[in-house]
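Participant: In case you want the letters, here they are:
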Amino acid sequence: MSHLEEGVLHAMLDGEIESAELQGIKAHLAACEGCTDRLEEARRFRDDAFAMITALDEQPAVAGADRGQRAQGWKRLPAWAPGLAWAATIFAAIGLGWSLQGRPSAGPGPLVLEPRGVVAVAPPTLANQTPPVSTRGEPEPSATRERLDRQAATVPTQAAAAESPAPVPPARTERPSEIAVASASKDQAAGLEEAKAESRLAKKSLAQPAGASAEGLSFRVLRDGTWTAISAARAIEALGGSIKLIDGLKPTRYEQLGDLVRVGYETTFGPVVLEQWRAANVVSHRLIAPPGAPSDSVEAWKERVR
Amino acid sequence: MTDFVAELYALYRDSLIRMLTRRTGDRDRAEELTQEVFARAVAAPPRNPRPWLFAVALNLVREEGRRSVRQGRRLELYRGEMPTATESPDDALIRDERVAGVRSALATLSDRDREALLLQAEGMNYDEIAATIGLAKGAIGTTLARARRRLVEAYRAKEGNSHVAS
Numbered sequence: 001m002s003h004l005e006e007g008v009l010h011a012m013l014d015g016e017i018e019s020a021e022l023q024g025i026k027a028h029l030a031a032c033e034g035c036t037d038r039l040e041e042a043r044r045f046r047d048d049a050f051a052m053i054t055a056l057d058e059q060p061a062v063a064g065a066d067r068g069q070r071a072q073g074w075k076r077l078p079a080w081a082p083g084l085a086w087a088a089t090i091f092a093a094i095g096l097g098w099s100l101q102g103r104p105s106a107g108p109g110p111l112v113l114e115p116r117g118v119v120a121v122a123p124p125t126l127a128n129q130t131p132p133v134s135t136r137g138e139p140e141p142s143a144t145r146e147r148l149d150r151q152a153a154t155v156p157t158q159a160a161a162a163e164s165p166a167p168v169p170p171a172r173t174e175r176p177s178e179i180a181v182a183s184a185s186k187d188q189a190a191g192l193e194e195a196k197a198e199s200r201l202a203k204k205s206l207a208q209p210a211g212a213s214a215e216g217l218s219f220r221v222l223r224d225g226t227w228t229a230i231s232a233a234r235a236i237e238a239l240g241g242s243i244k245l246i247d248g249l250k251p252t253r254y255e256q257l258g259d260l261v262r263v264g265y266e267t268t269f270g271p272v273v274l275e276q277w278r279a280a281n282v283v284s285h286r287l288i289a290p291p292g293a294p295s296d297s298v299e300a301w302k303e304r305v306r
Numbered sequence: 001m002t003d004f005v006a007e008l009y010a011l012y013r014d015s016l017i018r019m020l021t022r023r024t025g026d027r028d029r030a031e032e033l034t035q036e037v038f039a040r041a042v043a044a045p046p047r048n049p050r051p052w053l054f055a056v057a058l059n060l061v062r063e064e065g066r067r068s069v070r071q072g073r074r075l076e077l078y079r080g081e082m083p084t085a086t087e088s089p090d091d092a093l094i095r096d097e098r099v100a101g102v103r104s105a106l107a108t109l110s111d112r113d114r115e116a117l118l119l120q121a122e123g124m125n126y127d128e129i130a131a132t133i134g135l136a137k138g139a140i141g142t143t144l145a146r147a148r149r150r151l152v153e154a155y156r157a158k159e160g161n162s163h164v165a166s
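Chains V and S are the protein sequences, given in the same order.
Its first residue numbered 1, the first sequence is counted upward by one per residue in our numbering.
Its first residue numbered 1, the second sequence is counted upward by one per residue in our numbering.
In case anyone wonders, no lab produced these hints; they're calculated from the structure.
Note that the structure is a prediction, hence the values are computed from the model and not measured.
Do not take every clue at face value.
[Unchecked claim] Okay, derived cross-link-like pairs now, DSS-like style, lysine-lysine, Cα gap no bigger than 25 Å in a straight line:
#1 S:K137 / V:K302
#2 V:K26 / S:K137
#3 V:K244 / V:K302
#4 V:K244 / V:K26
#5 V:K302 / V:K250
Please work from the sequences and hints to get the whole structure.
Facilitator: So, in structure tokens, the structure goes:
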């Protein structure tokens with residue numbers, strides 16, 4: 001039997017393999033030491049890469065530096081006020097509707113800022129740990145997939161977007177606001193409902209502390225220390241009096257590291273961890289599924305978090 | 001203005017800004033680009049919003065890159081000049097070096113590989129990534145595998161060079 005492709009191994013780690021196909025892959029892995037080793041290697045690459053991406057969020061000083069530098073010398077950049085938000089978007093949209101007709105791109109002005117300086121001091125070594133898979137990359141419900149299949153043609157792909165990054169109003173004689181309202185069809189309303197569901201994972205991730213996403217580079221750097229086994233009562237206390245659990249599963253351990261608490265479960269697919277933390281009187285959480293757990297099981301666990 | 005786009009704004013604004021900040025290294029610019037994305041969504045509300053919004057955002061970044069290369073206006077950011085008051089200079093230096101190392105490694109990837117990584121880090125599944133960057137779903141696993149390997153190896157190579165340099 002031929003060996004598993006690297007893309008398949010990564011898809012498995014990302015929870016993108018359906019249950020039926022997963023059985024065959026697991027059977028091969030059970031009999032093939034080479035592919036098992038490659039799976040572990042793929043897991044390290046996946047975790048390290050994800051930790052590196054999240055490490056890019058560690059830029060509180062840089063954001064300030066950017067603003068300061070721009071204010072001092074980079075006058076060519078647009079002078080949008082930092083707090084400019086929704087109201088500005090409305091006006092921009094109205095203007096856009098008139099000005100962008102037939103134009104494939106935005107106006108001139110913006111610059112790309114690409115930091116290139118790398119100081120000759122050794123950055124931290126990439127972790128070799130092999131933690132469970134974060135569910136941030138897990139697939140969405142099948143209904144969403146079906147919708148994506150149906151509507152794939154409406155999405156500006158890379159090639160199409162290269163020529164026209166966004167649709168433009170059909171005619172100059174129409175008012176942009178009318179066009180926008182007229183375009184908000186039932187399809188969009190349905191899309192919005194599903195978009196809300198899709199965004200749940202993203203919204204969870206927004207509440208996460210930087211580096212709390214994987215036990216790779218940034219995770220280890222930001223969380224030097226050891227998880228300490230604690231009692232259920234202590235875990236509840238640490239989270240301010242409430243804790244989230246997975247309905248139907250029995251916790252096997254509680255652990256704490258600083259402000260973070262995690263509840264461990266044993267499943268047939270391996271250990272499942274529900275990591276949580278308290279911020280602004282709200283307990284946020286993240287479910288960490290075992291590598292190779294089928295996507296439908298992961299979705300079921302996530303839906304049962306109470 | 002529609003409630004539909006307003007809802008999209010509430011749902012995806014932060015995610016877009018984070019992804020664009022990771023992509024460009026410039027939070028302010030990421031916010032500006034996000035405003036631009038939603039302005040276009042107001043003009044023509046998308047039916048498949050999440051991939052549409054991210055595709056437009058990434059396209060704006062690519063347009064900027066091409067334009068800045070043509071016009072010779074590429075700028076450099078020098079990190080670590082203004083550490084926050086709550087962290088030590090050493091901590092700020094380490095953080096800035098780590099971010100610079102990752103960004104340097106990320107810059108070695110192709111646009112497609114880099115974007116697949118960034119979208120996956122935003123919680124997109126393979127269907128959504130495929131719809132956003134214009135690939136078949138079956139190619140996403142291979143794309144991510146290649147992107148992850150190259151990113152980590154580029155970082156390690158840079159780390160090795162730093163050791164040699166120091």
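Participant: None of the hints should be skipped; say for each whether it holds.
Facilitator: Results for each hint:
| no. | hint | result |
| --- | --- | --- |
| 1 | S:K137 / V:K302 | 24 Å, holds |
| 2 | V:K26 / S:K137 | 21 Å, holds |
| 3 | V:K244 / V:K302 | 11 Å, holds |
| 4 | V:K244 / V:K26 | 31 Å, violated |
| 5 | V:K302 / V:K250 | 15 Å, holds |
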